[in-house]
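For the record, the sequence lines run as chains A and B. With this note's numbering as the guide, the letters of the first sequence map in order to residues 1 to 289. With this note's numbering as the guide, the letters of the second sequence map in order to residues 1 to 284.
No lab work stands behind these hints: they were computed from the structure. None of the values given here were measured: they were computed from a predicted structure. All residues carry an ideal CB built from backbone N, CA and C; glycine is no exception. One should not assume that every hint holds.
Among chain B residues calculated to face chain A with C-beta under 8 Å, some are [unchecked claim]:
(1) Ala38
(2) Lys59
(3) Ala136
(4) Glu205
For reference, the chains in residue letters:
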Amino acid sequence: MIISIASGKGGTGKTTVAVNLALSLDNAQVIDCDVEEPNAHLFLKPIISEKEKAFIPVPEVDKAKCNYCGACSRVCAFGAIAVLPDSKGIKGSILIFPNLCHGCGACKLLCPQGAIKEIDKEIGAVEAGERGSIRFVHGRLNIGEAMSPPLIRRVKKRIDTSGTVIIDAPPGTSCPVITAVKGSDFCVLVTEPTPFGLNDLILAVEVMREIKIPFVVVINRFDIGDGKVEQYCGNENIRVLMKIPFSREIAAAYSEGVPIVEKDPSYRDKFIKLYTDICGIKNETDSSN
Amino acid sequence: MRQIAVISGKGGTGKTVVTAAFAALAENKVMVDCDVDAADLHILLDPVVKERREFRSGKTALINKGLCSGCGRCVSLCRFKAIKEDFTVEDFSCEGCALCSRVCPAGAIRMEENVAGEWFVSDTGYGPFVHARLGAAQENSGKLVSKIREVARALAEKQSLDYVIIDGPPGIGCPVIASLSGVDCALIVTEPTLSGLHDAGRVMEVAGHFKIPTKVVVNKYDLNPAITSRIEDFCRSRGAPVIGRIAFDAGVVRALVRRKNIIESGDCAVRDELRKIWENLCRR
Chain A
1 MIISIASGKG
11 GTGKTTVAVN
21 LALSLDNAQV
31 IDCDVEEPNA
41 HLFLKPIISE
51 KEKAFIPVPE
61 VDKAKCNYCG
71 ACSRVCAFGA
81 IAVLPDSKGI
91 KGSILIFPNL
101 CHGCGACKLL
111 CPQGAIKEID
121 KEIGAVEAGE
131 RGSIRFVHGR
141 LNIGEAMSPP
151 LIRRVKKRID
161 TSGTVIIDAP
171 PGTSCPVITA
181 VKGSDFCVLV
191 TEPTPFGLND
201 LILAVEVMRE
211 IKIPFVVVIN
221 RFDIGDGKVE
231 QYCGNENIRV
241 LMKIPFSREI
251 AAAYSEGVPI
261 VEKDPSYRDK
271 FIKLYTDICG
281 IKNETDSSN
Chain B
1 MRQIAVISGK
11 GGTGKTVVTA
21 AFAALAENKV
31 MVDCDVDAAD
41 LHILLDPVVK
51 ERREFRSGKT
61 ALINKGLCSG
71 CGRCVSLCRF
81 KAIKEDFTVE
91 DFSCEGCALC
101 SRVCPAGAIR
111 MEENVAGEWF
121 VSDTGYGPFV
131 HARLGAAQEN
141 SGKLVSKIRE
151 VARALAEKQS
161 LDYVIIDGPP
171 GIGCPVIASL
181 SGVDCALIVT
191 EPTLSGLHDA
201 GRVMEVAGHF
211 KIPTKVVVNK
221 YDLNPAITSR
231 IEDFCRSRGA
241 PVIGRIAFDA
251 GVVRALVRRK
261 NIIESGDCAV
271 RDELRKIWEN
281 LCRR
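Using the sequences provided together with the hints, build the complete structure.
Next up, the structure:
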């Protein structure tokens, strides 16, 4: 089973839930899909045994074959190619903006001259390793690179569903989150009981309903806000499976990269219960479909 | 006119609370919420919307089943796996490249423009505010950020405002780059955790990559003074001054729950520190 840990708002405790859930299970795989700001490794401290660079295909033009007809520029939906045609005996020119390229391949396929080939542009790296029985994979987006979804897709290629897969998703509600959680069997939305937490939870719930992934909610630092998140979940029939209290000790351990279950082993049973409750709900929804 | 963007790398470090404080401290400014994915600044600014516009951006493929011959060319050529075996398009996977519509031999695919969100120009008790809402599971957040920044800049010029103050998104990707482009100063709000340090370092590199002067604030610095001094050492080594340390104060969360600006209801120490930070940002 693939379980994604997501949230609209950042800093609510996604990585905390992902890491501690993994540490409480046997044989889990952690896939950190927050390639812009990966953090799970700071808590799991895996031994990285493999590193692979990740690329996206971007166009390169063979100037000997190009007649500057402009077809590539017209078919590019992302404005990544500009062409100045031949004019008054002056040879045209072509300019490619690799940062805008989505790697769709339209320019190459539709160039009448066959003048475009694709070359690899490095966008980041995928690293894999282990910590005890946990298998670990994450991606690191290169600095200045705008698009994370292609790297997230590379990271997800390493998903191994022989055990439980836990995806640590990036914050937000747009393409990086969708790319990370797409294909998951279940999603845990982590929130906090503040107006910001509630506002962003509502947006995340909309996303889950749009992409049709069953989900539950975990409320972090539940005792230092108000009751509106629980009220909302009650009204919407959303199950709140876990509430983690604020504790200065947990916060201090977190700041040093120490997972809760190592600071306070009694949490192990709480995370195992979270997992078995998820399995139960998943079975219910599967059999009702 | 001076543009200042508040960013963090890691989410949840306190960007929006700090930005809202600047709304109360700065005069002659327009506020902009560039975290269009999960916008929260409106919660503290209580805007009255004056202008509301659709944000149209990008396209999504639509297959006409009546014309489709089922040849499968679109399925095999789509690199985003957005077309399923039954020739329906998974909207949230389609990136709008239009390759399928161009190669379909039956002419069965057309591209429909997306309404990807909305943007607003509002009045608040603190002056004008430009904000947006990206639709659920939509893309092009970077373009929406650029759009509202352009609107805010035009408004600032028209009204001769001194500051454009931007609440940025977390991360280092396209909406962050769009929030940073051309600003006069980036303020990184971080927290004394290993994640906060790691993520602030990465977003500082992004700001450096685009040659943007950067300053840093450590929020909740007393939760781990040792990591706070590591952050300060790190910033010193990168030439990014740490211009403030905000203490952890449960009153900040209490104010937030009541949707109150920390400047108007907060603890004196936090308020004074934020005032000092804003004064520093005003200096060039």
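_For the restraint on alanine 38(B), tell me whether the closest CB of chain A is nearer than 8 Å._
Nearest chain A Cβ about 4 Å off; hint holds.
*Is the shortest C-beta separation between alanine 136(B) and chain A less than 8 Å?*
holds, 4 Å
*Interface hint compliance - lysine 59(B) to chain A, C-beta minimum distance less than 8 Å*: holds, 7 Å
*Holds or violated: glutamate 205(B) as interface residue toward chain A, Cβ cutoff 8 Å?*
Where the cut-off is 8 Å and the nearest Cβ of chain A is about 5 Å from glutamate 205(B), the hint holds.
Every hint, counting from the list given before, is met by this structure.
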